Amino acid sequence: MSGVVGVLALQGAFESHETVLRGLGCATQQVRTPDDLAKVNSLVIPGGESTTMSHLLLTSGLFDPLKERLVDRLPVFGTCAGMILLASHIEDGRPDQRCFSAIDIDVRRNAYGRQIDSFETDLDVQGIDGDFHAVFIRAPQVVRYGPGVHILARHDDDVVLAREGAVLVASFHPELTHDDRIHRLFIEMLLEV
Amino acid sequence: MTTRKSTSASGSMRVNRGLAEMLKGGVIMDVVNPEQAKIAEDAGATAVMALERVPADIRRDGGVARMSDPEMIEGIKAVVTIPVMAKARIGHFVEAQILEALGVDFIDESEVLTPADETHHIDKFAFTAPFVCGATNLGEALRRISEGAALIRSKGEAGTGNVVEAVRHLRNITGDIRRITQADAAELFEWAKKLGAPLPLVQEIAETGKLQVPLFCAGGIATPADAALAMQLGAEAVFVGSGIFKSNDPAPRAKAIVEATTHFRDPHILAKVSRNLGAPMTGIGMDQINERYAERGW
Numbered sequence: 127m128s129g130v131v132g133v134l135a136l137q138g139a140f141e142s143h144e145t146v147l148r149g150l151g152c153a154t155q156q157v158r159t160p161d162d163l164a165k166v167n168s169l170v171i172p173g174g175e176s177t178t179m180s181h182l183l184l185t186s187g188l189f190d191p192l193k194e195r196l197v198d199r200l201p202v203f204g205t206c207a208g209m210i211l212l213a214s215h216i217e218d219g220r221p222d223q224r225c226f227s228a229i230d231i232d233v234r235r236n237a238y239g240r241q242i243d244s245f246e247t248d249l250d251v252q253g254i255d256g257d258f259h260a261v262f263i264r265a266p267q268v269v270r271y272g273p274g275v276h277i278l279a280r281h282d283d284d285v286v287l288a289r290e291g292a293v294l295v296a297s298f299h300p301e302l303t304h305d306d307r308i309h310r311l312f313i314e315m316l317l318e319v
Numbered sequence: 024m025t026t027r028k029s030t031s032a033s034g035s036m037r038v039n040r041g042l043a044e045m046l047k048g049g050v051i052m053d054v055v056n057p058e059q060a061k062i063a064e065d066a067g068a069t070a071v072m073a074l075e076r077v078p079a080d081i082r083r084d085g086g087v088a089r090m091s092d093p094e095m096i097e098g099i100k101a102v103v104t105i106p107v108m109a110k111a112r113i114g115h116f117v118e119a120q121i122l123e124a125l126g127v128d129f130i131d132e133s134e135v136l137t138p139a140d141e142t143h144h145i146d147k148f149a150f151t152a153p154f155v156c157g158a159t160n161l162g163e164a165l166r167r168i169s170e171g172a173a174l175i176r177s178k179g180e181a182g183t184g185n186v187v188e189a190v191r192h193l194r195n196i197t198g199d200i201r202r203i204t205q206a207d208a209a210e211l212f213e214w215a216k217k218l219g220a221p222l223p224l225v226q227e228i229a230e231t232g233k234l235q236v237p238l239f240c241a242g243g244i245a246t247p248a249d250a251a252l253a254m255q256l257g258a259e260a261v262f263v264g265s266g267i268f269k270s271n272d273p274a275p276r277a278k279a280i281v282e283a284t285t286h287f288r289d290p291h292i293l294a295k296v297s298r299n300l301g302a303p304m305t306g307i308g309m310d311q312i313n314e315r316y317a318e319r320g321w
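First to last, the protein sequences are chains R and H. Going by our numbering, the letters in the first sequence line up with residues 127 to 319, in that order. Going by our numbering, the letters in the second sequence line up with residues 24 to 321, in that order.
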């Protein structure tokens, strides 16, 4: 079983993720405090503003306990801001912005420009038949990835979906398109790790 | 192996409602200069609203309130990494064109500025940038959505530091949504007529029980408790205008309102963050104001 899937609920599109996960039959738990975190067997970090989430992780006392869980290989799926928080290094962030170094990638925030440059497009995703329609909103870009990182999808030359161990990251928003196939990949990942 | 695709579209409703989704659970703060914008971002704001005067000052000064100087908006864009919003007058589509050209992330077609058109709102489908619009009731919200708004905020009464109107407007909107979900198919025609809203949008609400776009709260939030009240009443994020930078000590108040918006159902955390914030903005009663901005919009 996949156990309880936590959704970091400090800020952002956490309810959309919960809706998709519940549709897949998962038990979910919104995570705002260390007590909430203790109840979960995996975690989704949603899109939102990464600077806001970084700030709230510290004020909520969640940063250190979550860091420990990630070191202990808590399975985690980060989308957009979630991908930024899981990265090893952030470009164009705030100097005080924190990240968890859970996956060996460097990312650049808002790499495509402002909201008028946000877009939607179809992707080919390894392990998924047919196109996956993806929405990119002020999306980050992977500017470096280590040898252990497995690339699952690209848009033009950019890595947009990747996995290393128990960490899955997407620079787009699979929670916004009524297509649960990437969340299914995450659930399958939970069953194998 | 992975292959590439490069067909893409910008400015779609999904992309623009998507940014509104990303702002949920957060606080959008009015700022009038780069220093305030930094304080807002430091405090954990999800976005800033760049404007020349906060609503309390617009109210005090009177006269015609217009779009801000592009120089000032660019000065704010230069110092923060979070989205920057700016206001255009109701119906003033050229101000909106200018804001879009400046690369503003969200355009607020706002009743806080003096309306430019007393009949028409902006055709928001003509733009790539997303729009947020105010509403006092569900009919107004649905008219704005039918014109292309990607986000609705309850209007409240800006610049008063008094949450009473925001509460009224939120309850109007969420109460009617609940009632519509109980209506039968024949009654939905009457609802559409009563609300002055397109029938398909009313039918969609009957089915989903939700507004088509995120619903945020604005207009009169001055304390962490106000923000949590709006959230418990069904708002999905809050705009704070005069409430932060018209208080005695803006930075700690801004941080406290951000925490209160995240932990809006936890009274212990709310009690903790509400301590020692100094004096909030004084605020004014509804019987003391001579102009209600919420009445602007049609």
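Just so you know, not all the hints are guaranteed correct.
Only pairs whose alpha carbons sit at most 30 angstroms apart, straight line, appear in this in silico DSS-like list of lysine-lysine [claimed, not checked]:
#1 217(H) to 233(H)
#2 193(R) to 295(H)
#3 295(H) to 165(R)
#4 216(H) to 233(H)
#5 193(R) to 61(H)
#6 165(R) to 193(R)
#7 61(H) to 295(H)
Hints are computed from structural coordinates only; laboratory data are not their basis. All values derive from a computational prediction rather than experimental measurement.
For this session: Please write out, lowest number first, the hints stated earlier that are contradicted by the structure.
Result: none
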